[in-house]
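Chemist: This is what each chain is made of:
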Amino acid sequence: MTGGHRRILVVEDDPETAGQLVESLTSNGYKVDLATNGSDALSRGAAGDYAVITIDRMLPDIDGIAVMRQLRDDGIAAPVLIVSALGEVDDRVRGLRAGGDDYLVKPFSFVELLARVEALGRRSDTIVKETILRVGDLALDLVSRTASRRGKDILLFPREFQLLEYLVRNEGRVVSRAMLLQHVWDLHFDPSTNIIDVYVGRVRRKVDGQQAYPLIHTVRGVGYSLRAPG
Amino acid sequence: MSGTLSVLLAKTLTSSTFKQALIAIGTFGMIVSALFGYVYLSTSSYVRSRSDRGIMTEYSSLQGAYERSGRDGLIDQIQQRIADSNFANNVYMLADPSLAALAGNLREWPPTITAANGWIEFRARAFSSEVETGSRQENATNQESGAPFRFHRNGKGSSEALPNAANRPLLRAMLQTFPSGDRLLVGRDISDLDSFADQIKMAVISAAALLFVIAGVASILVTRRTVGRIESINATSRAIMQSGLDQRIPLRGTHDEWDRVAENLNLMLDRIETLMGEVRQVSDNVAHDLRTPLTRMRGRLEKAYHGQRIGEDDQALIGDTIADLDAVLRIFSSLTRIAQIETEARRGAFRTVNLVEIAGEVVELYDAAAEQEGTRLTVVGDREVLVTGDRDLIFDAIANLVDNAIKHGRAGGQVVVANENIDGKPVISIADDGPGIPAHEYEQVFKRFYRLEHSRYTPGNGLGLSLVAAVAHLHGARIEMLDNSPGLKLKLWFSAPVR
Numbered sequence: 001m002t003g004g005h006r007r008i009l010v011v012e013d014d015p016e017t018a019g020q021l022v023e024s025l026t027s028n029g030y031k032v033d034l035a036t037n038g039s040d041a042l043s044r045g046a047a048g049d050y051a052v053i054t055i056d057r058m059l060p061d062i063d064g065i066a067v068m069r070q071l072r073d074d075g076i077a078a079p080v081l082i083v084s085a086l087g088e089v090d091d092r093v094r095g096l097r098a099g100g101d102d103y104l105v106k107p108f109s110f111v112e113l114l115a116r117v118e119a120l121g122r123r124s125d126t127i128v129k130e131t132i133l134r135v136g137d138l139a140l141d142l143v144s145r146t147a148s149r150r151g152k153d154i155l156l157f158p159r160e161f162q163l164l165e166y167l168v169r170n171e172g173r174v175v176s177r178a179m180l181l182q183h184v185w186d187l188h189f190d191p192s193t194n195i196i197d198v199y200v201g202r203v204r205r206k207v208d209g210q211q212a213y214p215l216i217h218t219v220r221g222v223g224y225s226l227r228a229p230g
Numbered sequence: 001m002s003g004t005l006s007v008l009l010a011k012t013l014t015s016s017t018f019k020q021a022l023i024a025i026g027t028f029g030m031i032v033s034a035l036f037g038y039v040y041l042s043t044s045s046y047v048r049s050r051s052d053r054g055i056m057t058e059y060s061s062l063q064g065a066y067e068r069s070g071r072d073g074l075i076d077q078i079q080q081r082i083a084d085s086n087f088a089n090n091v092y093m094l095a096d097p098s099l100a101a102l103a104g105n106l107r108e109w110p111p112t113i114t115a116a117n118g119w120i121e122f123r124a125r126a127f128s129s130e131v132e133t134g135s136r137q138e139n140a141t142n143q144e145s146g147a148p149f150r151f152h153r154n155g156k157g158s159s160e161a162l163p164n165a166a167n168r169p170l171l172r173a174m175l176q177t178f179p180s181g182d183r184l185l186v187g188r189d190i191s192d193l194d195s196f197a198d199q200i201k202m203a204v205i206s207a208a209a210l211l212f213v214i215a216g217v218a219s220i221l222v223t224r225r226t227v228g229r230i231e232s233i234n235a236t237s238r239a240i241m242q243s244g245l246d247q248r249i250p251l252r253g254t255h256d257e258w259d260r261v262a263e264n265l266n267l268m269l270d271r272i273e274t275l276m277g278e279v280r281q282v283s284d285n286v287a288h289d290l291r292t293p294l295t296r297m298r299g300r301l302e303k304a305y306h307g308q309r310i311g312e313d314d315q316a317l318i319g320d321t322i323a324d325l326d327a328v329l330r331i332f333s334s335l336t337r338i339a340q341i342e343t344e345a346r347r348g349a350f351r352t353v354n355l356v357e358i359a360g361e362v363v364e365l366y367d368a369a370a371e372q373e374g375t376r377l378t379v380v381g382d383r384e385v386l387v388t389g390d391r392d393l394i395f396d397a398i399a400n401l402v403d404n405a406i407k408h409g410r411a412g413g414q415v416v417v418a419n420e421n422i423d424g425k426p427v428i429s430i431a432d433d434g435p436g437i438p439a440h441e442y443e444q445v446f447k448r449f450y451r452l453e454h455s456r457y458t459p460g461n462g463l464g465l466s467l468v469a470a471v472a473h474l475h476g477a478r479i480e481m482l483d484n485s486p487g488l489k490l491k492l493w494f495s496a497p498v499r
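Note that the protein sequences, when read in sequence, are chains W and L. So the first sequence is numbered by my numbering: it starts at 1 and just counts up by one. So the second sequence is numbered by my numbering: it starts at 1 and just counts up by one.
Chain W on its own, in the form it takes in the complex (with noise of 0.2 Å):
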């Protein structure tokens, strides 16, 4: 879907769950490699060319972030993404998403998974400057702010703009609910309601209210998605 190399590093020593994210990878088309502890790696990420690594927090030698930081000094510039259980999620973790890396917190959905995953390989391939987003006949604004469908304004509050665009810059990927928090409020937990549902819906019915055709979908048990149809 991203074009390009779809290489990935999966670090993770519990082995049902390596043997789960391998299988969940490969069968949505990456091709993945297994490193098992902190040390090997490093070995493999210095030597090979990824899309993306993942990395358990909790390793058995070296603390993840550890290892984050190893291989960005030896150069390697992947995205990351940090697998963290919730007690674990420190500053250090939620000051990852400066540095462009990404975190998860365990138990994770497989969908979610793969939608951070998406998220972190776009990055590094599609850095462009736009103005105006287009998805099918919907038309965002980016300098004024403003959406609208076949030329008909949609009104939307600051945040509903942000939501949208965020839904539309990963067009045909799906969103988490967890990812909208994070991405559109900066909140890094999960406030345990529908509340998300509730907001998107708002969203939705004002941008797909009496169209011809839908643009935002729910997957079921993760999150939206957002695509034209066809």
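Calculated from the structure, these hints are not laboratory results. Just so it is clear, the structure is predicted and the values come from calculations on it, not from any experiment. None of the hints are false.
As a list, the in silico SDA-like pairs of lysine to any residue whose alpha-carbon atoms are at most 20 Å apart:
hint, chain 1, residue 1, chain 2, residue 2
1, L, Lys-303, W, Thr-218
2, W, Lys-206, L, Gln-372
3, L, Lys-303, W, Asp-14
4, L, Lys-407, W, Asp-197
5, W, Lys-206, L, Glu-373
6, L, Lys-303, W, Glu-16
7, L, Lys-303, W, Val-22
8, L, Lys-303, W, Val-111
9, L, Lys-19, L, Leu-8
Derived Cβ-Cβ restraints for the label pairs, each shown as a range:
hint, chain 1, residue 1, chain 2, residue 2, range
10, W, Met-58, L, Glu-273, 23 to 31 Å
11, L, Pro-293, W, Asp-137, 44 to 52 Å
12, L, His-306, W, Arg-69, 33 to 41 Å
13, L, Val-7, W, Gln-162, 50 to 58 Å
Glycine residues also receive a C-beta, built at the ideal position from the N, C-alpha and C atoms.
Given the coordinates of chain W, work out where chain L should sit on it, guided by the hints.
Modeler: Using the frame of chain W, we list chain L on its own:
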């Protein structure tokens, strides 16, 4: 400074130690007063009885002279004694049955005396008789220069001129009527004894007074020391309740019983801290160990859900199972999150944040949800209410409160989030106009998994307010629940931001 001193003094005066000290002082003071009183009484009675014995001896000797040589012999003896400076303190009077003075150094038979025999006390001024010979006069002069004899020194004739009888010396005398009817009075000036007794009395009273003052001051000092130590223990206890178990009571290095109490309390705190750490460790491990199989389980279910050869019914079944599993995982996450907040590790990342901004973002996030319920959700109050804290956690807490307010408020009602600075304290309140909570359940709702009876069947897991409580505790904020009549108003009182 003077404020804290006066507070300390007030605490000193109301402390039980001081009350006990007062009781001790009172008891001790009464014993000492009784002792001093006894000393005073026995001293004065001893002095008096000595003087009485002297009078008795003198009387017996004069009585002997009367019996041996009759009235004239006695007069002789009396005159000799008056002339003798060794007897300067004595008074003598011999009167005939008609009470006319025959000899002695009193001007007249004291008119106040009516008794015939026995001990009498009266006030009168002795003088050196003018009817006596010239030698008496000389002796009187000697007396004046030798032993200071007050009533003598004041001179002749002036005694009656003194209008105040109390100015005359107090005399104590033995009075006897001889069978012939002659009366003999032998006495002594006891004014000096009196003033001696007075002096003892003064000494006893001032000693007792001094004792009370010293004991009072000493007990205040001792009590203040005690109160000071107890206050430091109290202050530490309060700090522990407010901010956590890492505080310890300072030792003074005096190795006294207070240091031992503080040491033992500190050891107890160490133990509690260790135990709590262990409990936390255990629950962390449980959470972690459960999370791994749950993650695998979810993975398998997901794989099955997206599988190729699956019927629609099975897919729905698996989808519902995944949703339920997610609910379980969310409870886990909430519990872990609350536990993590309670470890207070996040306090290191505190910075100054504006409650108004956070509240605004929460309200924006919940705007759609409120709209769905037909609830009017508004933010009111000050523009800037600064607190020192963790933005995400405060957001989470406010989000939970707003979520509750929308869920448990009245459909079509309103939820008001108010930010205020009250007396320099940042306060945020979330109020709904729903059915509210009975006052006796105010405390209960913060317990984990606690759910009000009427909300047991609405979505939620009863952990929201526990999280709010944990966040509030981490920030040293006080939660106040009020009746919004109708509805519930929950206030979070933060402490003033650290600059």
